[in-house]
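*Asks:* Next come the chains, spelled out residue by residue.
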Amino acid sequence: MSNQEVLGTRTGKLVNVFSRGRIKIPALHFLVSNKKAKWALLILVPILLLTVLAPVLPMQKPLETNVTSSLLSPSLEHPFGTDKLGRDILSRTLSGIQISMMVGFSVAAIALVFGIVLGTISGFYGKTVDRVIMGVVDIFLAFPSLLLAIGLVSIMGAGFVPVIIAISLADVPRFIRLQRSLVLSLRTRTYIDAARTVQASQLWLMRKHIIPNTIAALLVAASISAANAILVEASLSFLGLGIMPPEPSLGNIIKEGQSYLQTAWWISTLPGVVILMIAISLHFMSDGIREALDPRSRK
Amino acid sequence: MTDMVVKQESSKPNPEPILQVRDLHTHFIADKVTVKAVNGVSFDLQRGERLAIVGESGSGKSAMAMSLIQLIAYPGKIVSGSVRLEGTELIGMRENELNKIRGSAVGTIFQDPMSSLDPVMRISDQMITPIRKHLNLGHKEARLLAIDWLSRVGIPEAHTRIDSYPFEMSGGMRQRIMIAMALSCNPRLILADEPTTALDVTIQAQIVELLKNLTETTGAAMMFITHDLGLVARFAQKVAVMYAGRIVEYGTVEELFAHPKHPYTQSLLMTIPKVSGEKSGRLLHIEGFPHDMRNTIVGCSFKERCTAAFSRCYEEAPQLMEREGSQRSACFLPNGLNFGVEAEQEELVKLHVSTLPALAQFTRPTGNVLEIKELHKHFKKESMLPWRPTSQIKAVNGINITLEFGETIGIVGESGCGKSTTARMLLGLDAPTSGSIDIQGNIQIVFQDPYSSFNPKMKIKDIIAEPLVVRKIGTPESRKSKVNELIGKVGLEASYLERYPSELSGGQRQRIGVARALALNPSVVVADEPTSALDVSVRAQIINLLCDLKEEMGLSFVFISHDLSTVRYISDKIAVMYLGEIVEYGSAEEIFNHPAHPYTKALLAAVPVPDPVIEAGRNIEILAGELPSPANPPLGCAFHSRCPLVTEHCVSCKPLLVDYQDMRQVACHAVS
Numbered sequence: 001m002s003n004q005e006v007l008g009t010r011t012g013k014l015v016n017v018f019s020r021g022r023i024k025i026p027a028l029h030f031l032v033s034n035k036k037a038k039w040a041l042l043i044l045v046p047i048l049l050l051t052v053l054a055p056v057l058p059m060q061k062p063l064e065t066n067v068t069s070s071l072l073s074p075s076l077e078h079p080f081g082t083d084k085l086g087r088d089i090l091s092r093t094l095s096g097i098q099i100s101m102m103v104g105f106s107v108a109a110i111a112l113v114f115g116i117v118l119g120t121i122s123g124f125y126g127k128t129v130d131r132v133i134m135g136v137v138d139i140f141l142a143f144p145s146l147l148l149a150i151g152l153v154s155i156m157g158a159g160f161v162p163v164i165i166a167i168s169l170a171d172v173p174r175f176i177r178l179q180r181s182l183v184l185s186l187r188t189r190t191y192i193d194a195a196r197t198v199q200a201s202q203l204w205l206m207r208k209h210i211i212p213n214t215i216a217a218l219l220v221a222a223s224i225s226a227a228n229a230i231l232v233e234a235s236l237s238f239l240g241l242g243i244m245p246p247e248p249s250l251g252n253i254i255k256e257g258q259s260y261l262q263t264a265w266w267i268s269t270l271p272g273v274v275i276l277m278i279a280i281s282l283h284f285m286s287d288g289i290r291e292a293l294d295p296r297s298r299k
Numbered sequence: 001m002t003d004m005v006v007k008q009e010s011s012k013p014n015p016e017p018i019l020q021v022r023d024l025h026t027h028f029i030a031d032k033v034t035v036k037a038v039n040g041v042s043f044d045l046q047r048g049e050r051l052a053i054v055g056e057s058g059s060g061k062s063a064m065a066m067s068l069i070q071l072i073a074y075p076g077k078i079v080s081g082s083v084r085l086e087g088t089e090l091i092g093m094r095e096n097e098l099n100k101i102r103g104s105a106v107g108t109i110f111q112d113p114m115s116s117l118d119p120v121m122r123i124s125d126q127m128i129t130p131i132r133k134h135l136n137l138g139h140k141e142a143r144l145l146a147i148d149w150l151s152r153v154g155i156p157e158a159h160t161r162i163d164s165y166p167f168e169m170s171g172g173m174r175q176r177i178m179i180a181m182a183l184s185c186n187p188r189l190i191l192a193d194e195p196t197t198a199l200d201v202t203i204q205a206q207i208v209e210l211l212k213n214l215t216e217t218t219g220a221a222m223m224f225i226t227h228d229l230g231l232v233a234r235f236a237q238k239v240a241v242m243y244a245g246r247i248v249e250y251g252t253v254e255e256l257f258a259h260p261k262h263p264y265t266q267s268l269l270m271t272i273p274k275v276s277g278e279k280s281g282r283l284l285h286i287e288g289f290p291h292d293m294r295n296t297i298v299g300c301s302f303k304e305r306c307t308a309a310f311s312r313c314y315e316e317a318p319q320l321m322e323r324e325g326s327q328r329s330a331c332f333l334p335n336g337l338n339f340g341v342e343a344e345q346e347e348l349v350k351l352h353v354s355t356l357p358a359l360a361q362f363t364r365p366t367g368n369v370l371e372i373k374e375l376h377k378h379f380k381k382e383s384m385l386p387w388r389p390t391s392q393i394k395a396v397n398g399i400n401i402t403l404e405f406g407e408t409i410g411i412v413g414e415s416g417c418g419k420s421t422t423a424r425m426l427l428g429l430d431a432p433t434s435g436s437i438d439i440q441g442n443i444q445i446v447f448q449d450p451y452s453s454f455n456p457k458m459k460i461k462d463i464i465a466e467p468l469v470v471r472k473i474g475t476p477e478s479r480k481s482k483v484n485e486l487i488g489k490v491g492l493e494a495s496y497l498e499r500y501p502s503e504l505s506g507g508q509r510q511r512i513g514v515a516r517a518l519a520l521n522p523s524v525v526v527a528d529e530p531t532s533a534l535d536v537s538v539r540a541q542i543i544n545l546l547c548d549l550k551e552e553m554g555l556s557f558v559f560i561s562h563d564l565s566t567v568r569y570i571s572d573k574i575a576v577m578y579l580g581e582i583v584e585y586g587s588a589e590e591i592f593n594h595p596a597h598p599y600t601k602a603l604l605a606a607v608p609v610p611d612p613v614i615e616a617g618r619n620i621e622i623l624a625g626e627l628p629s630p631a632n633p634p635l636g637c638a639f640h641s642r643c644p645l646v647t648e649h650c651v652s653c654k655p656l657l658v659d660y661q662d663m664r665q666v667a668c669h670a671v672s
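First to last, the sequence lines map onto chains V and L. The first sequence runs contiguously to residue 299 in this note's numbering. The second sequence runs contiguously to residue 672 in this note's numbering.
By construction, these hints were calculated from the structure, which means they are not laboratory data. Since this is a predicted model, take the numbers as computed values, not measurements. It is possible that part of the hints are untrue.
Per the computed footprint, the stretches of chain L lying under chain V, defined by three or more beta-carbons under 8 Å from a beta-carbon of chain V, are [stated by the list, open to error]:
#1 327-337
#2 450-459
#3 464-478
When the alpha-carbon atoms are kept at most 20 Å apart in a straight line, the in silico PhoX-like pairs for lysine-lysine are as follows [unchecked claim]:
#4 L:Lys654 to V:Lys127
#5 L:Lys32 to L:Lys394
#6 L:Lys654 to V:Lys35
The beta-carbon is built from N, C-alpha and C at its ideal position, and this holds for glycine as well.
Just chain V, with the same shape it has in the complex (with noise of 0.2 Å):
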């Protein structure tokens, strides 16, 4: 604050550029300000524009099997091996990516949709519907989001479909929770009070007042959000649980390969760099946008 205290109009143009930044939601301006979101664009990037791609490269396609060149390792025909089959690892590690971020994405989507609608009418009534919504947010939140997936894919069947939904019911009472705090901080701002002496209704001030002043930590949550749902994914097919074999998925890649760990390390080792370099991004990326947002933070 305390830098901004005395702009007069001579005003530097740079804080005016800065501040202008902070407040709108920073598509362009912080990725090319920010290091960690820099770095996280570079990993992400490429890795996304392959996954477009693949289709149309020239390379062996996800499922096709070719019994004669078995248990390759990788070369420039092949760049992560080959499996048992014969299948194209790369070209299996690129559908199962677009899984992945469907999944990831999905995941931050309706956990970000749910999150801000539940949190924000529970912080902003309160009482009652503060104490019903809250009451079934922990029951949620006392299972091990994990150990939940599992149980609720166990119970719908394997899945597209039910991986996103049992991933995103472990994670949207989180982000019902964090959105209730920051709501429950907003709510006695002076400038609520000020549009309430209007009389504004309640839907205006929730609309207007508190939802912009919380996008920015929701974002930041939905991004290391979309990074644990690619790993629960994974997780959850690695167990069986999730996408079903032969359709390919970072997770159930790794399980075919951990039986030819010995032999044929590149099966399950290839696909694990890739989640983990998706992972570190994704947080590299979460960390950016609380800089770019926070300007308290920044060195």
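Following the hints, put chain L in place on chain V, whose structure we already have.
*Replies:* What follows is chain L alone, placed relative to chain V:
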């Protein structure tokens, strides 16, 4: 060399100052900008002397004081200069040696007593450790010494209170503890950074008196940072006025207040409304904004706001130059704005005063715009344990106020007296427990804190237009022109509409707050401490703006403040509140010139007057004790626990608010 030393000794009464600061520079180095917070400060502090450092926020006064003991937070850095404490150079000293000096030779009192004590440590633990370390005492001796200091700073039952936690103490008590901690290792120098800003006027008066007595008895020198010129006059012996990281004027209190030499000091002294004597005309204010410390200063830092600036001021920075006595001023003109005959100065001063806008021809409706009858607000506090009785806090306990169209009422009292609760009920933010509020027309509010009263994600134009949009008044085009009209009315350019609140200064934000309040054409505007978060030079601008609007639009104001000089300046009527009740009510002039209720008298006495001569001659009766808990108010007259005139009758029987002379009501047995 020897000649010089001899010369200094002969010219100065005390040859060896305790603190010698020479050409101190402290910079805050951010990504691309360097904020030169302290820009070449030099001064001496003699033993036992009380020096006040005065300046607006951002003038570098705190950064300077913290540089002395090198408690500068990253990215701050002391770039050059020398700080000698009793001849020992502190700059460049190793951290562990500095730590020995901090706390023992130099004691520090910070601004906010709420955050400067560790909330999870008992007072005893926080006090005893440093005493043992610095004075090499055993645990028992250290504890006894700590208890002794606590009782010296006026903590009752110090031997038991020493084992309590900070949250069990009031703000005033915590500040006393800070003072005890700062003094407990017999420091020779005390740095106090706005030690009373966060406290009520009555508590402030107590703390100032305490500090004054303690420095006199211990002989410690003291550097006192403040923006309150009244406090300076009451407390200090020497004054250094800081502007843009430099000392622009230095001298004894008497010299500086009697004949200020620097244009900045001169303007500052003219912006303050008077608390006693005749009510003055329109307030003078300093145009423009403080220097933006990111930019390099060419020439004098005050030139843009100085009416006497001439070509040399733009080329060359004036150094501190000797004037008569011990006074020094950094201005090319020996007498600042006051360079010629009296009349000429008047002319210059007038340049500061924008002419009053022509009065609009409107017919003011007659009658009462606001009627408050028997207003009560009780908060029930339920205990966590079901068998405990619920306690009730009577925040507002039966007040009656009537306000005519165009009239302004000031509500004054210590924090916790119910003035803000009253405001919230007026605005419909809280529902009254009982009683009625009748308002003709609209009521709107200007909030205290210009930093938190705007949504940081909204542009100024949306902030001002919000009431119109919410109430669905007008079309987008008509709203736009209304917003343009409003921002002009509060004296800002239309270009500000596209900005965000974080891009405006405190004073500018407060103007936006006023514009937002005016959007619905209110008949009454509640102003809840609208100037207390602002700098002295900006305060006058906002008060003038409110006065203009009052004249121009026939607005009524409910002005809530503990700044009595401001209340007096703007109000027609005053209501003095104590523990949810009005104890004195009537015309502002009457109450300020002849206060009747002992509480009103005490409040007025607690406010320091920015004139050392008056302050020295004043017999200040300081109100003892603190505001009793509103959950458990004293029986009879609520004020009896602190009243100098208390009798048996006051304890048993509650005085009613009854007519006193004409035009005034007082609730006191001793008066009626």
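*Asks:* Please go over all the hints and tell whether each is borne out by the structure.
*Replies:* So, going through the hints one by one against the coordinates:
1. 327-337: violated (count 0)
2. 450-459: holds (count 8)
3. 464-478: Contact hint for the region 464-478 of chain L vs chain V: holds, 4 residues under 8 Å.
4. L:Lys654 to V:Lys127: violated, 39 Å
5. L:Lys32 to L:Lys394: violated, 54 Å
6. L:Lys654 to V:Lys35: Status violated; Cα separation ~68 Å.
Hint compliance for this structure: hints 1, 4, 5 and 6 are not met, and every other hint is.
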